[in-house]
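Here the numbering used here is used: the first residue of the sequence shown is 48, the next is one more, and so on.
Hints listed in this document are in silico derivations from the structure and should not be mistaken for laboratory results.
Some clues are possibly wrong.
[To be verified] Ranges between beta-carbon positions, derived for each pair:
| no. | residue 1 | residue 2 | range |
| --- | --- | --- | --- |
| 1 | Lys81 | Ala127 | 29 to 35 Å |
| 2 | Val57 | Asp124 | 19 to 25 Å |
| 3 | Ala121 | Val57 | 24 to 30 Å |
| 4 | Gly65 | His116 | 17 to 23 Å |
| 5 | His116 | Thr70 | 15 to 21 Å |
| 6 | Asp51 | Ala121 | 33 to 39 Å |
| 7 | Glu118 | Ala66 | 16 to 22 Å |
| 8 | Arg54 | Ala97 | 21 to 27 Å |
| 9 | Phe90 | Gly52 | 15 to 21 Å |
| 10 | Gln59 | Gly82 | 17 to 23 Å |
| 11 | Gly99 | Arg75 | 28 to 34 Å |
| 12 | Ala128 | Gly65 | 18 to 24 Å |
Think of the CB as a built atom: it goes at the ideal place given N, C-alpha and C, for glycine as much as any other residue.
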Amino acid sequence: MTVDGERAAVSQYRLEPGAIVFTHTIVRPEFEGKGLGSRLARFVLDDAVARGERIVPECPFIAAYLRRHPEYEASVDWPAA
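Could you build the full structure based on these sequences and the hints that come with them?
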């Protein structure tokens, strides 16, 4: 995600057959507290759902977002603890 041409946030993932595994999400410190992480999470999760991929949240930020947004639950495969 960019803001005024500057990279502000990124969500890292790896693709597996039929699934997208979110591994890490970073919001640069100077952009924190502006809701960018949540906007990024919503975008990447909506994209995964639209493509019919299963969502595997290894990333703590994405996992926390999913716990607050149960509308994604039907598409989530929670990793084993």
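Taking the hints in turn, this is what the structure says about them:
| no. | hint | result |
| --- | --- | --- |
| 1 | Lys81 / Ala127: 29 to 35 Å | holds, 34 Å |
| 2 | Val57 / Asp124: 19 to 25 Å | holds, 23 Å |
| 3 | Ala121 / Val57: 24 to 30 Å | holds, 26 Å |
| 4 | Gly65 / His116: 17 to 23 Å | holds, 21 Å |
| 5 | His116 / Thr70: 15 to 21 Å | holds, 19 Å |
| 6 | Asp51 / Ala121: 33 to 39 Å | holds, 36 Å |
| 7 | Glu118 / Ala66: 16 to 22 Å | holds, 19 Å |
| 8 | Arg54 / Ala97: 21 to 27 Å | holds, 24 Å |
| 9 | Phe90 / Gly52: 15 to 21 Å | holds, 18 Å |
| 10 | Gln59 / Gly82: 17 to 23 Å | holds, 20 Å |
| 11 | Gly99 / Arg75: 28 to 34 Å | holds, 31 Å |
| 12 | Ala128 / Gly65: 18 to 24 Å | holds, 22 Å |
Taken one by one, the earlier hints all hold for this structure without exception.
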